[in-house]
Structures are given as C-alpha cells and as structure tokens.
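J.: Put chain B on the given structure of chain A with help from the hints.
What follows is each chain in one-letter form.
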Amino acid sequence: MSNDLPSTVPEHRPGFVLSGVPHAAAIQLTIMEVKAGEAVCKVPYAEHLVGNPDTGVIHGGVITSLLDNTCGVAVGSKTQLMGHIATLDLRIDYMKPAKPGEDILAFAECYKVTKNIAFVRGLAYHADRNDPIATCAAAFMLGTKAQKGANVASGGTP
Amino acid sequence: MDLIKRAIAEGRKPELQKLVDAIPYCRFLGIEVDRKGSELTTVLRFDHELIGNPVLPALHGGVVGAFLEVTAVIQLMLEVVSEDLPKPVDISIDYLRSGKPVDTYARAIVTKQGRRVCNVRAEAWQDEHARPIAALHGHFLIKPQETERN
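Protein sequence lines correspond, in order, to chains A and B.
First residue of the first sequence? That's 1 in the working numbering, and the numbers climb one at a time after it.
First residue of the second sequence? That's 1 in the working numbering, and the numbers climb one at a time after it.
A few of these clues could be false.
[As the list claims (entries may be wrong)] Mimicking BS3-like on lysine-lysine, the simulated pairs with C-alpha atoms at most 27 Å apart in a straight line are:
| id | chain 1 | residue 1 | chain 2 | residue 2 |
| --- | --- | --- | --- | --- |
| 1 | A | Lys99 | B | Lys5 |
| 2 | B | Lys143 | A | Lys99 |
| 3 | A | Lys96 | B | Lys5 |
| 4 | B | Lys18 | A | Lys99 |
Please keep in mind that the hints were generated in silico from the structure rather than gathered at the bench.
Only chain B is shown next, with the shape it has when bound in the complex:
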C-alpha cells in the first residue's frame, strides 16, 4: 500500500487511522484507532449490522474475531517495519463472554517479532477491561524491507 511505502521512505510510522480508513472492510465494520503515544486501543463502534444473535442480542463471533485480527495487524504496523499489511498465517480465538450491543475495545501485544513471522496476542473488552469478551493469538507474516532481505 502506498500509504505504508511512503511512511517507510520518510522514516516514520504510517498514520494508523488513515491506514484503517483505506481498508474497505475496516470502514464497513466501523473500526477506529485511538493512539496515545505508544499505547494503541482500537474501537469497534456498535452497529446493528454487527449482530450475530438478535435474540440475546450479541455481536457476531466472526465480527469479534475480525476486530481482534485488525487490532493485531494495526499493532504490528506500529511496532514492526513491514512493507505491506501483515498477513495472518493462523489465528485462534477464545470466546469468553457474549459481546453486548455496545462499543467494543481491543489491545494487542506483539509477543515475538521474527524476521518474517510475528506472534501477536489481542484482547477485546466492553465495559470492564478486566472482563474480556474474547482473546486472540495468532501468527502474522510480515514483509521485511527490501534492503534488509539479503
């Protein structure tokens, strides 16, 4: 993506909200980035279209999973230099509580950064940070800078 390449060329981090806004699926879900220095929280604004169980009601498991995946990718874009968006290799999601029809927040930690693969953990919560609704861990493929490759 141009946005990423330009940022790398200028020796800075890409503007994460602009990056998210450039991805149609993230716009569709309604994901926002709240960055305070090195601390990053993603916000999933509630919308009726995110519901998976209208009876409870509860957020769709796929939406919660996708939100955690996006959170992991954004965290990687902040911490790691990758010429392209990190690609998920595998993800594993634990569903801990039902997602209520309110805004959801998430944070991710890069647990290991390799040259090509990174391990990331992410957690999503709603009212209380200490009561997460879902957790993800996954491996993501990054594209190291051309000059570092040889």
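Isolated chain A, as found in the complex:
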C-alpha cells in the first residue's frame, strides 16, 4: 500500500493549490511535496496577508494556517485518513519575522502514530530549513467523524 496521497485528486498533486479547502485556496496554499508522513507546502507572499503595514511582514496567523495545514497533510499522508483528522493542539515558536515579498514554505513530519493520536513537528522557512521563521509541534486526533465522501485534506479544526 502506498502511503502517498491519491494522485487522482488534483489538489493532492505537488504544485497544486489545495482548492478543496476554501481557506487554503484563499491564501493560495500550495502542496509542493508529499511523502509518507512528510509534506512541504507553500504560501506565496500577498498584500492581503500582511500583518504590519509599516514593514510588509506577513502576519503570524498566516504561518499558523500554513503550519496547521501542512501538519494535517503530513498526518493524512501517513494515515490515509484525510478529512477524518482534527487538530488537538498546536504550539508555534516564532524565531524571526518572515521577509517581506518572499514566499513562505513549511515542512512537516508526522513522526508517531498511535491508535488515536498522530504527533507532528514542523517548521516554516524561506529557503533554508536550518534558519526557520517558526517551528511547531502538533497533535492530531485520528478517526474523527466526517460524512461519506470526504476527500479533502484538512488541517482544520475537527
């Protein structure tokens, strides 16, 4: 069994905006790379995501959305439970502000899955993963209720 996401769903193919998730589409969240238990996503720089109009730095909330969603994709790729997972908690440490005008990437790794819970760590960066903008640790509940036909990767709330 492949742990990769089904490539028949267009938005799960690398380089595609996660259009099945309205908020992901609103911030142009793009899947760059998915392996079993690992994911890389990107949010391109945009004026409407700015958190400080003086500096043009992207708001921390965008990084929250990006990390939450990337962690969700990593859990989904490991457990095949897309749409049936829910974030339990998410902790983010902000290391430095994002550079204005530059896209933000996030890498997440689902390093442990138990019967009920998946544990994930991740980081947000521009080019170098050793110089992160933010790091995160998250736990996801597995096998949450979702209606039949759920086919979207959701790093969202239950």
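T.: Coordinates of chain B only, in the frame set by chain A:
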C-alpha cells in the same frame, strides 16, 4: 505604526477598530472589535473563505488560531503601552470543539505583564460562552516606551 505612536504621544489608547482595519490580514479575516469600556470582545464574521473542512463544515484551525492571536494583541494594545504591535514569541492553541460556520467571538486576559514580555490567555466561542471552541496561551514581546528604557 503611526496610529500607535500618535495615541501614545497624545496620552490615550489607540482606536482599536482603526488599528485592526489598518492591518491587511485582519481585514481579510473580517475581524471586528467590540469595546464596552474596559471590556473587549473581538468578532470574527463568518465567511466561506474561513472554512478548513468543507465536509463538516468547520472553520480552518489556522483561522481560529490567528483570530485568537489577534485578540491577544488587541487586548495588549488596550492594557499595555507598547510603541509597536506586540510580536508573538510563542503561542499554544488547544482546539476544543469544531468551529461551526457562524460568527465567532473571543476575549483575552493579560495574565502577566513584564517590561518586555507579556503572558496572555485567550478563548474563542460561538453560541455559548461556556462552550469554547479553542483556547490560546502565548508570550508576546512588547516595545516599551523610549523614555522608560533606561
């Protein structure tokens, strides 16, 4: 931000709704400030673009987290004198219930105010205040007034 510096120079609190409106990301999320004296409630108006799970449907976890972070920052702007917008150092979010596709409200409490760092807790709810959908606690870096620094 000019808005903040002018308010400090005039010895008053910045107008919080204007402050929120000056931040593009807050406008994009649709955040409003409801201030009744010293009591502050933030409102996140529901919009389809805030959905993270269209099947349930439920608000995106990142949106709920961002809303709580903004609430914490606005509360700090009300209670603390900072020459710039407080910067998050770390935040931790507990997701308690799924966010339904309706308006969401939040309130924050500054639990400790230091000279440079403040601890804040925030909680978001929808229909019932007693049934929160998410809670945040975090540390925020503030910029103390120039004159107080030495």
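J.: For every hint, state whether the structure bears it out.
T.: Structure-based check of each hint:
1. Our distance criterion of 27 Å between C-alpha atoms is met by A/Lys99 and B/Lys5, whose separation comes to about 24 Å.
2. A distance of roughly 20 Å separates the Cα atoms of B/Lys143 and A/Lys99; the hinted pair therefore holds under the 27 Å criterion.
3. For the hint pairing A/Lys96 with B/Lys5, the CA-to-CA distance comes to about 23 Å; that is within 27 Å, so the pair holds.
4. For the hint linking B/Lys18 to A/Lys99, the alpha-carbon distance of about 25 Å falls within 27 Å, and the restraint holds.
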